[in-house]
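Whenever a hint applies, use it, and build me the whole structure from the sequences.
The residues making up each chain are set out below.
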Amino acid sequence: MVKAEGVHKSFGKLEVLKGIDLEVQPGEVCCLLGPSGSGKSTFLRCINHLEKVTAGRLSVDGELVGYRQQGDKLYELRERETAAKRAEIGMVFQRFNLFPHMTALGNVIEAPLHVRRTSKAEAIAQGTSLLARVGLSDKVDSYPAQLSGGQQQRVAIARALAMKPKLMLFDEPTSALDPELVGEVLDVMRGLAKDGMTMVVVTHEMGFARDVGDTVVFMDGGVVVEQGAPKQVINDPQHPRTKAFLGKVL
Amino acid sequence: MTESQVTAPEQLVAVPVRHYGRYVSGVVVLVLLALLVRAFADAKNIHWEVFRRFLTVHNVLVGAWHTLEISVLAQLLGIALGIVVAVMRSSGNPVTGAVGWLYVWFFRGTPVLLQLFLWYNLGLVFPTILGHATPQIMTPFLAALLGLGINEGAYMAEIVRAGISAVDEGQTEAAQALGMRRGLLLRRVVLPQAMRVIIPPTGNEFINMLKTSSLAFAITYPELTRSVTDIYTNNLKIFELLFVAATWYLVITTVFTIGQFYLERRYARGSSRQLPPTPLQRLRAAVTR
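Protein chains in written order, with our numbering: chain A, 6 to 255; chain B, 3 to 291.
Heads up, some of the hints might be wrong.
Facing chain B, according to a computed beta carbon distance under 10 Å, are these residues of chain A, among others [what the hints assert, rightly or not]:
| no. | residue |
| --- | --- |
| 1 | L55 |
| 2 | D66 |
| 3 | G67 |
| 4 | A88 |
| 5 | R91 |
| 6 | V97 |
| 7 | Q99 |
| 8 | R100 |
| 9 | F101 |
| 10 | L103 |
| 11 | A116 |
| 12 | R121 |
| 13 | A161 |
| 14 | M168 |
| 15 | L174 |
Pair ranges (Cβ atoms, derived) [claimed, not checked]:
| no. | chain 1 | residue 1 | chain 2 | residue 2 | range |
| --- | --- | --- | --- | --- | --- |
| 16 | A | G24 | B | S167 | 41 to 51 Å |
| 17 | B | I260 | A | D183 | 33 to 43 Å |
| 18 | A | T59 | B | E71 | 54 to 64 Å |
| 19 | B | N206 | A | T59 | 23 to 33 Å |
| 20 | A | S142 | B | V17 | 48 to 58 Å |
| 21 | B | G111 | A | S142 | 30 to 40 Å |
Derived from the structure by calculation, the hints contain no laboratory data.
Glycine is no exception: its CB is placed at the ideal position from the N, C-alpha and C atoms.
Shown next, in the form of structure tokens:
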């Protein structure tokens with residue numbers, strides 16, 4: 006579903022990604038771990054072209070994201086084409102980024118209505134059932150400011166699901182939450198994983214990575230240090246940097 | 003220590019700080035104000051019956067209407083231009099960005115009175131526009147509308163730009179991640195949130211516009227100030243008629259200030275858990291307390 010080959014990304018002189026090779030199979034849950042500044046969020050944002058890769062190939066479902074390859078050059082796509090590809094990739098942010106001027110339902114039906122141009126009745130029916138799925142049937146008409154962090158993040162997940170994505174990206178979805186609200190968001194994500202959604206998750210939740218992840222990728226300093234099955238990477242890390250990091254967080 | 007033993011703690015009454023100075027300064031201000039009002043009310047040279055008579059005379063009402071009309075239209079033109087220029091300047095396209103910058107530079111950098119004269123005298127440069135004599139097209143009304151509206155656009159562009167940049171970048175990212183393109187995400191996500199920042203200064207701009215529109219009297223547009231000056235050059239009741247104009251300006255600005263309050267309240271939706279009370283609600287709360 007996701008295939009990265011030699012992905013590089015620089016911000017000016019600072020090289021954040023120094024050649025990432027990674028593959029995520031359909032239906033797989035891939036957890037990206039690593040210290041802050043290791044480039045995992047940047048890599049995640051490259052997958053839907055919120056950040057532009059500097060070099061390397063990054064494809065989703067067999068198609069390059071944001072670029073067209075001709076010879077040995079990558080030509081950036083027009084906004085219309087990039088937007089069409091982004092519509093198939095759901096993204097959940099650390100700080101929720103719900104639209105504060107719309108209700109929970111308004112947030113969920115916004116993109117189906119105006120990007121997919123589904124009918125209003127259909128969008129509302131789908132939006133209501135998605136909000137029910139994340140356990141927020143009673144918050145349909147609430148504005149984001151009236152919701153707790155965990156509720157907001159669940160609305161954000163419903164909003165991303167409303168576009169029927171084939172891939173979901175999670176950028177530290179629980180890092181901005183109070184500890185007692187983390188569980189409700191992780192439960193929703195567990196449900197998604199069980200339903201076979203392909204997910205790439207940047208997280209610091211070791212428990213989630215170990216229980217739900219099919220693969221765990223440990224990044225540091227802009228490279229993949231170690232990857233493999235969660236039990237192997239988390240319980241029996243081989244690389245000293247992985248050991249050092251896990252020693253601090255576990 | 004000893005008092006607390008005499009009285010039970012719950013019988014102790016907290017007394018807020020007494021502001022005796024407020025009573026004193028309040029009285030001083032009221033007296034000064036009364037003296038000022040009396041000075042004008044008693045002034046032998048001001049004929050208040052003239053003021054009352056001309057307050058609702060036909061020409062004054064027409065002038066007030068014209069002031070309102072040109073101000074609303076010019077402000078709307080300014081808002082439309084401001085949004086276009088603000089989007090141009092933040093588009094990342096260097097050509098449109100430079101055009102937007104030049105527009106703001108010129109129209110904000112020259113006096114609006116001069117710009118009114120430029121539009122009004124356009125016929126000196128272009129005697130005909132699309133086959134018609136320019137003076138027939140560039141009426142005082144159109145010259146005033148273009149002069150005031152295009153000038154206003156330069157200020158509105160800056161206000162709108164500030165509003166757009168006040169919206170969190172995460173909003174744009176979330177909209178992009180949902181597959182929205184620039185036009186749609188501006189219209190549906192960014193601008194509605196920018197409105198909260200844009201409206202208060204825009205209300206300010208409009209109230210300025212109501213008064214700046216009086217400059218259009220220099221290009222013979224019959225707005226309120228021109229109506230009263232036309233009358234007082236005949237009857238020489240200068241002060242009375244200036245008071246008439248001042249009264250109407252105050253009436254119009256007051257009405258729009260109230261309208262602005264409710265508009266701001268509407269766009270505060272979602273950003274605060276509870277909307278601020280309306281004056282009526284505040285009054286009711288103060289009475290029933």
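Quick rundown of the hints versus the structure:
1. Below 10 Å, beta-carbon pairs count as interface contacts, and L55 (chain A) has one with chain B at about 6 Å; its hint therefore holds.
2. Of the supplied interface hints, the one on D66 (chain A) is violated, with its beta-carbon coming no nearer than about 15 Å to a beta-carbon of chain B, more than 10 Å.
3. Annotation: interface hint on G67 (chain A) violated; nearest CB of chain B at approximately 19 Å, more than 10 Å.
4. Of the supplied interface hints, the one on A88 (chain A) holds, with its beta-carbon coming within about 5 Å of a beta-carbon of chain B, less than 10 Å.
5. A distance limit of 10 Å between C-beta atoms decides the matter here; for R91 (chain A) the minimum to chain B is near 5 Å, and the interface restraint holds.
6. Against a cut-off of 10 Å between C-beta atoms, the interface hint on V97 (chain A) holds, since the closest Cβ of chain B lies about 9 Å away.
7. Hint on Q99 (chain A) holds. Least Cβ distance to chain B is approximately 9 Å, under the 10 Å limit.
8. For R100 (chain A), the shortest C-beta to C-beta distance to chain B is roughly 6 Å, which falls under 10 Å, so the interface hint holds.
9. Of the supplied interface hints, the one on F101 (chain A) holds, with its beta-carbon coming within about 8 Å of a beta-carbon of chain B, less than 10 Å.
10. Contact between L103 (chain A) and chain B, as hinted, is supported at the beta carbon level, the nearest pair being about 8 Å apart and thus within 10 Å.
11. Here the hint on A116 (chain A) is kept, as its CB sits about 4 Å from the closest CB of chain B, short of 10 Å.
12. Interface hint status for R121 (chain A): upheld, as the beta-carbon distance to the closest one in chain B is roughly 8 Å, under 10 Å.
13. The restraint placing A161 (chain A) at the interface with chain B holds, with a minimum CB-CB distance near 8 Å, inside the 10 Å limit.
14. The closest approach between the C-beta of M168 (chain A) and any C-beta of chain B is roughly 6 Å, which is under the 10 Å cut-off, so the hint is satisfied.
15. Interface restraint check for L174 (chain A): the shortest CB-CB distance to chain B comes to about 8 Å, inside 10 Å, so the restraint holds.
16. A C-beta distance of roughly 35 Å is found between G24 (chain A) and S167 (chain B), which places it outside the suggested range of 41 to 51 Å.
17. Restraint check, I260 (chain B) to D183 (chain A): a C-beta distance of roughly 42 Å satisfies the suggested window 33 to 43 Å.
18. Distance hint for T59 (chain A) and E71 (chain B): a CB-CB separation of about 56 Å, consistent with the stated range 54 to 64 Å.
19. For the pair N206 (chain B) and T59 (chain A), the supplied restraint of 23 to 33 Å is violated, since their beta-carbon distance comes to about 45 Å.
20. Checked against the hint of 48 to 58 Å, the C-beta distance between S142 (chain A) and V17 (chain B) comes to roughly 51 Å, which is consistent with it.
21. Separation of G111 (chain B) from S142 (chain A) is about 57 Å and departs from the stated range, judged on CB atoms against 30 to 40 Å.
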